[in-house]
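For the protein sequence lines, the chains are V, C and B, in the order given. For the first sequence, full-length UniProt numbering gives the first residue as 1, with consecutive numbering after it. For the second sequence, full-length UniProt numbering gives the first residue as 1, with consecutive numbering after it. For the third sequence, full-length UniProt numbering gives the first residue as 1, with consecutive numbering after it.
Among these hints, one or two may not hold up.
One copy or any two copies: either way a pair holds, since identical chains are not told apart in the list.
Said to hold, decoys possible - When the alpha-carbon atoms are kept at most 25 Å apart in a straight line, the in silico DSS-like pairs for lysine-lysine are as follows:
no.	residue 1	residue 2
1	123	185
2	178	78
3	68	350
4	350	49
5	22	94
6	49	351
7	178	254
8	89	123
9	49	356
Rather than coming from a laboratory, the hints here were simulated on the basis of the structure.
The residues making up each chain are set out below.
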Amino acid sequence: MELGEFIETMPLLDHHCHFLIKGDVEKREERLAQVSTEADNSYPLSDTKNRLAWWAFRAEAQYFARDKTNFLQSMDAKEYAAYNQLIFKHYNFKMLLVDTGFVPADAIIDLNEMKKITGLAVKKIYRIETHAQEWMEKEETFTQWWRQLSQQVAHAVEDGFVGFKSIAAYRFGLRLRKVGTAEAKKAFHGWKNSGVKRLSDPALISYIVWNLAPYIIAQNKPLQFHVGYGDADTDLFEGNPLLLRSFLQNWCPKGLKVVLLHCYPYHREAGYLASVFPNLFFDTSLIDPLGPSAVNRVLDEALELAPYSRYLFASDASTYPEMYGVAASRFKAALLHHFAHLSEVPLEQKKVWIRKICYQTAAELYIN
Amino acid sequence: MELGEFIETMPLLDHHCHFLIKGDVEKREERLAQVSTEADNSYPLSDTKNRLAWWAFRAEAQYFARDKTNFLQSMDAKEYAAYNQLIFKHYNFKMLLVDTGFVPADAIIDLNEMKKITGLAVKKIYRIETHAQEWMEKEETFTQWWRQLSQQVAHAVEDGFVGFKSIAAYRFGLRLRKVGTAEAKKAFHGWKNSGVKRLSDPALISYIVWNLAPYIIAQNKPLQFHVGYGDADTDLFEGNPLLLRSFLQNWCPKGLKVVLLHCYPYHREAGYLASVFPNLFFDTSLIDPLGPSAVNRVLDEALELAPYSRYLFASDASTYPEMYGVAASRFKAALLHHFAHLSEVPLEQKKVWIRKICYQTAAELYIN
Amino acid sequence: MELGEFIETMPLLDHHCHFLIKGDVEKREERLAQVSTEADNSYPLSDTKNRLAWWAFRAEAQYFARDKTNFLQSMDAKEYAAYNQLIFKHYNFKMLLVDTGFVPADAIIDLNEMKKITGLAVKKIYRIETHAQEWMEKEETFTQWWRQLSQQVAHAVEDGFVGFKSIAAYRFGLRLRKVGTAEAKKAFHGWKNSGVKRLSDPALISYIVWNLAPYIIAQNKPLQFHVGYGDADTDLFEGNPLLLRSFLQNWCPKGLKVVLLHCYPYHREAGYLASVFPNLFFDTSLIDPLGPSAVNRVLDEALELAPYSRYLFASDASTYPEMYGVAASRFKAALLHHFAHLSEVPLEQKKVWIRKICYQTAAELYIN
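Kindly produce the complete structure, drawing on both the sequences and the hints.
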């Protein structure tokens, strides 16, 4: 089989994405436009529609719509399910791993319903900070809080989770450090007494992630980090994956599997890290659907140093199937562009690597 | 009209440039070479002439010269005006916004004269730090100084300015923060007593820019920041636009229109910021004339995430018309290269965006 | 002569590389794979073999092997010398400058033997931190230690060295600053008393490099810095060449010739620095052999602003001749790709620049 056809028919395991929303939501066009950007909803929609991503989402909707002239209207449940299945099947999606920590308005939060609508296997990822916040609200003391959180993490795989995620980069950045219990305890009580649910203390987040690592290793599932590109709430300067160095130096050799998500514009840095640290994986999700003109270039740059066995497909999509579709379409095109230009490598080896990138490595990491 | 012709004939509003110098200056070749680099004049001219920019400037001069074999000689006023008009007309420049804070030797500082020579509309930008320095020399107390500076800013549009510019990045970097009056007052007196005219205190610059923002909003004109690439005097590490985050978070939602200038090599970061913050615009000026082989790639990278309605043409040129010409030539070529490759978008939409980039967005920002 | 042939036949002066190892070492395939990555030997070999670099090294070995089916076996001394000479001659290598501070297992440390095996001129570079460590072990007091170290540096050229190298980036980063003798003395004794040979104190390294600069200027030889990409031991965030700013501002105008090595992923930053600081040179070694799919793009980006007279070829290769060969092959291809696309410049000028890049500038710097 030639390379183009091989890639087109390759199954996809989307190891990082979010909830779909319902098909009958009003203002589907507005919702689709809003999810074509990382800007929040106070950002002018007119500017959002002057982004290439909007035009790609729009074209994707039109391509798969039954009615090509009126293709941004709401759908009833049955039509929406068919529409979803059409898109996911077209790109050969097989499984979605859903970070359940982000819940868009009108989300379909029942994963069984998501399975039915998409026709795919769906599994869930445990977002650490969200759960830490929930336990803070329920528990009075540091000791009780930490027991609950750490025990929940220790049994997460039993509870159906296939991986873990930290959004430290959304709370203070990636300069995670080893923090002692006394400092963590003090930070916990400061937080608890602040009346603010949102966890943002650098010392406490460091403590949590650092000390949950053994429980994650014990279950042999990966720990994802939000890295780089995201909404205006992230401090992108502090989201540079190079800042994770002491965490990676400490935990990767001990067997912690770490997956850096998104990474743009630090995808070269992420590729470098994957090339020198054991157990380190990464993707360039989010730029695939939201920066369509970037995808060829970003994938090429990401793979300058990284082993092909350390790079994964993901969409980071949510809300509507068009976003997953645009991600898959641009990613597969970029794979073809990349591998078609490699003269050093025989076709069979290219196929081995493409399979790893599209689903095999993710399957081994999360579904083992 | 086809895309190539459309771009070629598109008018340009150069929203960030500097003074021309006189045509009869001796050593025109040396002056042209010196402005083909950001290095200062102690940098070896032989290395400057081993840069591609020099060869582009040289070719530009030859192309437009009457005498193709002797094309780097001085000109009398009449010949120089004709030469300028030939170049600016060739690229369809319509208006120049001049940052009057940088004055090259032998500059034509009378903007009316600049209008006559170029045949273009010319308007001026208020450089904050330069004026802050002038008022420091004239006023004894912090209160008087601040009253003079802030009142001058408050009436700048009446006085013919169409925008504002901060060169904080040339003085300490972009980590602007909210500073209280007591700290600013202390910093002012430290500066005043130092005997050094140059304003470089981070606290005082932060105070100035932060507290002038309301006056700028009130006049509905943009505030430009020098970002990234510049001469050896800028600390490029501290010129990363991501460091402006707290300033942008505070002021953009309140209506301050911010324009990030140059940005290279942080143009991806700037594009990201424009994609998530309201009222944030940027350009990739300076690399256009000074890095001719970079322009296609830099424009593509800048536009990976940014709305097409947030990106502007500018040259950052000065001294001789060749620099404006090389900037326009490479920028227009890069626009064609970028838009010719977009498959998602119909031709008419591309034209809408190209018009915005070349003059419409700048016209709305500065000339409204 | 056409550009392609001109580049192919251009001599190479490899101004930064390391020792070869013996040809009869067992497990030649494993050793070749290990040197195709910057990861240390605890990194999984299976991942290393999923990198493009391995496939390029492998193809290089096969291309030059006598036995095309069994091309990764050990060789006896005679066959190994012939094999080396075949490869170095193929790419027209003329001279190697060896950083003797890194010694792989089974290295051929006798430079005369290296000359014989390669058929090339071989000269040596003085690695500052390594020698500082040796003198620390021998001397009791700061004063004695500094006298020995500084005198050795002062006479290094007499002793056959043609340049100097600092690996500050491997020890704490590139934020070199001016440090007083009292602080340095204290740091020296802290180090001496620690029982750890490895020099990593930022103040002491700063002191050493800053205060050896005059001795290096006096001998008119360059000082190399490790910058950017390297093994997991370097903190890549702190290896950004922009952080060298105060050192460069102080020493380059005084005549210190500085060469930034590797630079990836900060090669644009390095190119910018070379464009504004006198006496500043750089290369993009290491990415040439270890990131074959990157080389065209990295070379293009490195040369966006830099003078062609400030950029040098180097391989950073070690261990086996294939690594030097892959570096040369990819670098020459990238040169052709870059210069073939420059429309502003006549062929003769391109040849002048290519000659400078391949050997002339390095010859003037090191062999003057």
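At most 25 Å between alpha carbons: which applies to residue 49 and residue 351, within, between, both or neither? So residue 49 and residue 351 pass the 25 Å test across copies only (15 Å; inside, 37 Å).
Evaluate residue 89 and residue 123 at a C-alpha cut-off of 25 Å and name the case that applies: within, between, both or neither. Close inside one copy (18 Å), not across copies (57 Å); limit 25 Å.
Classify it for me, residue 350 with residue 49: is the Cα-Cα distance of at most 25 Å met within a copy, between copies, both or neither? Result: close only across copies, 13 Å inter versus 37 Å intra.
25 Å Cα cut-off: does residue 178 pair with residue 78 within a copy, between copies, both or neither? Close neither inside one copy (51 Å) nor across copies (54 Å); limit 25 Å.
Is it within, between, both or neither when you check residue 49 against residue 356 at 25 Å Cα-Cα? between (35 Å within a copy, 14 Å between copies)
Pop the pair residue 68 and residue 350 into one bin, within, between, both or neither, using alpha-carbon distances up to 25 Å. For residue 68 and residue 350, only the inter-copy Cα distance (22 Å) is at most 25 Å; the intra-copy one is 37 Å.
Taking 25 Å as the upper bound on the Cα-Cα distance, should residue 22 and residue 94 be classified as within, between, both, or neither? Within one copy only: 21 Å inside, 50 Å across.
Using 25 Å as the alpha carbon limit, work out where residue 123 and residue 185 are close: within a copy, between copies, both or neither. neither (33 Å within a copy, 58 Å between copies)
State whether the alpha carbon distance between residue 178 and residue 254 is at most 25 Å within one copy, between copies, both, or neither. For residue 178 and residue 254, the Cα distance is within 25 Å only inside one copy (15 Å; across copies 39 Å).
The structure fails to meet hints 1, 2 from the earlier list, while all remaining hints are met.
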